[in-house]
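Go by the hints and put chain S onto chain Z.
Residue numbers (the numbering used here), protein chains in the order written: chain Z, 52 to 384; chain S, 52 to 384.
For the record, the hints were derived by calculation from the structure and aren't laboratory data. This list has only true hints and no planted wrong ones.
A pair counts as met if it fits within one copy or between any two copies, since identical chains are not told apart.
Quick list of in silico lysine-lysine cross-link-like pairs, DSSO-like style, CA-CA up to 30 Å:
no., residue 1, residue 2
1, Lys382, Lys111
2, Lys341, Lys114
3, Lys270, Lys341
4, Lys341, Lys122
5, Lys341, Lys267
6, Lys270, Lys382
The primary structure of each chain is shown beneath.
2 protein chains.
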Amino acid sequence: MSNILLTVEDVRQLASECLLRNGCDEANAAAVADIITRAETDGCHSHGLMRLAGYVAALKSGKVDGTARPKIRNLAPAIIQVNGGGGFAPLALEQSRSHLVEAARSNGLAALALVNIHHFGALWCEVEPVVEAGLCAMACTSYKPAVLPAGGHEALYGTNPVAFGWPRPTAFPVIFDQASAVMARGEVMLAAREGHELPAGTGVDADGNPTTDPNKVLKGALLAFGGYKGASIAMMVELLAGGLIGESFSFEAAERDNGDGGPPQGGEFMFAIDPAMFGDADGWSDHSEKLFEKIEAQDGARLPGERRRRNREHSVANGVEISQTVMEQIKGL
Amino acid sequence: MSNILLTVEDVRQLASECLLRNGCDEANAAAVADIITRAETDGCHSHGLMRLAGYVAALKSGKVDGTARPKIRNLAPAIIQVNGGGGFAPLALEQSRSHLVEAARSNGLAALALVNIHHFGALWCEVEPVVEAGLCAMACTSYKPAVLPAGGHEALYGTNPVAFGWPRPTAFPVIFDQASAVMARGEVMLAAREGHELPAGTGVDADGNPTTDPNKVLKGALLAFGGYKGASIAMMVELLAGGLIGESFSFEAAERDNGDGGPPQGGEFMFAIDPAMFGDADGWSDHSEKLFEKIEAQDGARLPGERRRRNREHSVANGVEISQTVMEQIKGL
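In isolation and in its complexed conformation, chain Z is listed as follows:
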């Protein structure tokens, strides 16, 4: 099937209207549509319009409150908690971000604990505004069990992405956003949808046998990246976005989930650090650019986020191509 060309604003409007028609109020629809639009614009289709079906399913089943209002409180000088009230994460993030930035600037660093939210978006979009405010930032969130623990045979950890970003006053920020799984579940879903095979070593089927069939992996488990080391990272994410902030581990989120296809209730952990307060107030930025120059000087090496930057420029100038399949699906919602 042929693709459809949309402008960035078309994407935003399409997403927003679909969410409004399915139970989101204006504020929530705008916040979720923004996250979807940014993913689509940056070339990450797996987290773009393709996810609308899941968002809508969660609204329709009543699992997610599309009219939730986040409640923000300071738990300590450097800890902000935002309770999403059972809504999607984007509005909670949007409203609490300035509190995080302010607390980091006052204390040197600060943490944001998001609880009682449903997270279905891409993390780099959430880290980027904090990084654009001149702070180093990290975010992580868990999901439903999809990844084997080191040495184990049953999915226990979520795909558990970690995003980390570094501010660059005069250039596109350096941000990486990577699943603790060898491959993001969204990418596996995309492969399943498009009928592609997965690279060997990506996952196992429900019986624990290696397979390259994305549909079988979706019913089985993914491997962590880099063996036991990636599994350590996945465990760390469970502890930060679950145990630390008083939210669900992936296995608990799955136990409580109604299986409507949308994101389970869970938490997210984010922290922000102000490099200007660490003793090299005038020099930290120029200094860090030297590292980035060294990376870019090597043939074949590129900075994390570089592909996103190019996709974004291209999308803004030329629009975004959406598959007919996804478009039909959205019209059906």
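Same frame as chain Z, now just chain S:
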């Protein structure tokens, strides 16, 4: 050659005497000897007595000041900076640790920036006392270029270990400590010393060609674990332990180093988080134990640090075996 059996106290005394004879004062010798002893006791020989030769070389060449006194100051409510005065890291860590713990308990989380130190020890030993104080802690440090950036062909990042620990009031803390390289440089050195081959995919020689010869890898470069994702982690470590705190990147540390075989001057970044302040003051610990139970319930899976715990118990009860080669080397110092 046969091995020599030492008690834990023998190891400590051997290390301490050797350091005292080669330029450390009492406080520095005791702090470094403690780190060496803990590595040896926990079964990590690559960071134990084997490293004395490097410590001594750095003292003899005058690169490291064995009588340095760390200076501690608060850069912000949640930032402690300790300037090691060109000494080894252990004394700086020992003296600043309580400041970090206190700042984390006052603010919810806090960071420790170690600058002007020479780091040659294992990170879990440094994280463990903070974790034993009831806090979640993370530490990272860079070194000299040893690891390829994603897509690159020349070593740029250090092996850049990251340690992360979670407090358990009634059990051995869960701590992982892992190099961003597929294998720690210490392990490669051990393989070179003992004449073992490395697993395929560990590193490349000086011309960028894959090799399993540890001596060639020591002259070439290691790969990051898990491909570009591990390289992202290595980059993050450069930024936190270098750019953020105003210390050297690995490539800068190497440029300035005199090549005496000891550790270059550099920095370390650590942070501590108080789980009791994140909204689940009474429940966080019992809750987290449920995750650990789920991991341990899977055949073949074990908690990070479990092998260390068993080695430590064994060493305390039965002593530590040291190779004759290492013993001869130490006597020569």
